[in-house]
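Novice: Mind docking chain B on chain A? Use the hints.
Just so you know, the protein sequences line up as chains A and B, in that order. Here the first sequence is numbered in the working numbering, starting from 1 and rising by one per residue. Here the second sequence is numbered in the working numbering, starting from 1001 and rising by one per residue.
Since the hints were derived computationally from the structure, they do not count as laboratory data. Hints may be right or wrong, so weigh each one.
[Stated by the list, open to error] Residues from chain B that face chain A, not an exhaustive set, calculated with beta carbons under 7 Å:
| no. | residue |
| --- | --- |
| 1 | S1111 |
| 2 | F1160 |
| 3 | N1194 |
| 4 | G1223 |
| 5 | M1224 |
| 6 | L1226 |
| 7 | L1230 |
| 8 | D1264 |
| 9 | S1308 |
| 10 | P1314 |
Note that this is a predicted model, so its numbers are computed, not measured. No residue lacks a Cβ here, since even glycine has one placed at the ideal position from N, Cα and C.
2 protein chains.
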Amino acid sequence: MKLVTPCPTKIEINEVAPRDGLQIEARFVPTEEKIRWIDALSTTGLRRIEATSFTSPKAIPNLRDASDVVTSIQRREGVDITVLVPNVKGTERALACQVDEINLVMSASNSHGLANLRMTPEQSLEQFTAILEVCQNSEATQDRGVFINASLSTTFGCPFEGKVPESRVLELVEKLIGLGIQGVTLCDTTGMANPAQVKRLCEAVLKRWPETPFTLHFHNTRGMGLANALAAWQAGISRFDSSLGGLGGCPFAPGATGNVCTEDLVHMFESMGVDTGVDLDALLEIAATLPDLIGHDVPGQVVKAGKSTRRYTPPVR
Amino acid sequence: MKLVTPCPTKIEINEVAPRDGLQIEARFVPTEEKIRWIDALSTTGLRRIEATSFTSPKAIPNLRDASDVVTSIQRREGVDITVLVPNVKGTERALACQVDEINLVMSASNSHGLANLRMTPEQSLEQFTAILEVCQNSEATQDRGVFINASLSTTFGCPFEGKVPESRVLELVEKLIGLGIQGVTLCDTTGMANPAQVKRLCEAVLKRWPETPFTLHFHNTRGMGLANALAAWQAGISRFDSSLGGLGGCPFAPGATGNVCTEDLVHMFESMGVDTGVDLDALLEIAATLPDLIGHDVPGQVVKAGKSTRRYTPPVR
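Extracted from the complex, chain A is given alone in its bound form (with noise of 0.2 Å):
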């Protein structure tokens, strides 16, 4: 049994912005703009990518070039890439692309499934069960070894709901991880997650399941993204979902701020002496890029007030 430690030495992180980002901006970017922009991103340490969705083009136009990012973009030993697959046919595409990860998505709450998704958690279920034949009888998958991740929105909470038992979410990953799925992400979609609720989950699912690798995904909705990020740290969760610049956002909860930001995220980690793995100057300076790359500035803090090492001049006086 793999020991779980609480308050790991180091971190890693995946990058949701390419997807989690790009996909509510009111602008599709270039597919060109979108290639250089991952191939910035996995210089600078990231542990994972997800670079896309697979998601029918109507659905979300402004990831319509999913296959030409995939197979565009630079790879690079120890920088997983990953893309969300919506359903079968979304994820024969994405083997097709010689993908690392694949990351399925399902609610933990009935009404947001039926709003996001159009099914019920049990539906999903189901539908991953398709999705699991598919990659365990493709070829791809046989000869790479893809990784089969799947992220459970509203565990936190429902926007049309509200709570969300914990019970219930420890069923759902239950069955998720039954059903044969490597990795479980546990979002809090629309920031409604308080650092006690994080703290007891965290430590439930790593006592309950020590040999899966969870990932914790914050958005900043209210403020709580890195107080949250540091609670699920503080139980020993060493994986976090999160956006350059914060970018993203829920289409259903109008006002909500994005994702928690990646470069905030490294750096109040790499302040406390947390190895993220990630070279933050680098990341900064793509952070910088971003209101030119989407058209509008973000939420970010770090990249406006610099890291907490800058120094200022003292005034004449």
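Specialist: Okay, now just chain B, sitting in the frame of chain A:
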């Protein structure tokens, strides 16, 4: 000896927006609007309000109405009115207004002290001795028992010098307590603190001076405001400075956002089941009036996103 219990079940908030927030605003908020605002704030369950600063009107013109404000606001049982005083003259003016508490301010670093107050830490300590003498000889203090607090700026780092050694901070705290200062506020003036550093220093001061009320004052400059508050609370801290809407900043750190936001702090702790004593709904109503009061948008997030218990109507399919 008072027992230091980590993770207090109750915390108390010192609302600093009327002083720390307004002092750097571009425009003067009319006296009667300040009074109405503070009167509203004092009904919400905040334990303490830093109502103004008895500084030279030339230095901080926005707070030139300090005496009028303090003598005109309603005084309510259980809500202490504290004011910043920079020197003996300010102390005399403040005591004449029957304040409950005075807050002295000094820096832990030489260059910030010289830039902000034209005094080294040692010069500040000398001045505090003179201020304490005035307090001891004042009829106002003898009748009413005015509490004397000192805020230690740049405790977690100086924007000009960088790191401030923990040993230097502890030395200055010891000197403050030795002088007769009753409470000490540890200030992260330009948002340089990280949760690991906060935990260490809070544990150190609570262990060494278990009888002294310590308050923590954070800025959200690099997004870590709530994470730092969480770390302080986990170390046993139960008193926090915060600023409605996240007003505030630092004139020497351009681009830096403001103080940790009161309503976001209250929202986090109440979500965790920690009693802040504050009526969050009432506080959010007042926070929503801030853009009108000061003429611009503010950084607070919960007022925009709604509390985490907010429900949305599912979209019709």
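Novice: Indicate, hint by hint, whether the structure satisfies it.
Specialist: A quick look at each hint next to the structure:
Because the beta carbon of B:S1111 sits about 5 Å from the nearest beta carbon in chain A, less than 7 Å, this interface hint is met. With a cut of 7 Å, the hint placing B:F1160 at the interface with chain A holds, because the nearest CB-to-CB distance is about 5 Å. Of the supplied interface hints, the one on B:N1194 holds, with its beta-carbon coming within about 4 Å of a beta-carbon of chain A, less than 7 Å. A distance limit of 7 Å between C-beta atoms decides the matter here; for B:G1223 the minimum to chain A is near 4 Å, and the interface restraint holds.
Checking B:M1224 against chain A by beta carbon gives a least distance of about 5 Å; that is within 7 Å, so the hint holds. A distance limit of 7 Å between C-beta atoms decides the matter here; for B:L1226 the minimum to chain A is near 4 Å, and the interface restraint holds. Here the hint on B:L1230 is kept, as its CB sits about 5 Å from the closest CB of chain A, short of 7 Å. For the restraint placing B:D1264 at the interface with chain A, the shortest Cβ-Cβ distance is roughly 4 Å, inside the 7 Å limit, so the hint holds.
Residue-level restraint check for B:S1308 holds (minimum Cβ-Cβ distance to chain A is 4 Å; threshold 7 Å). Evaluation of the B:P1314 hint against chain A yields a held restraint, the C-beta minimum of about 5 Å falling below 7 Å.
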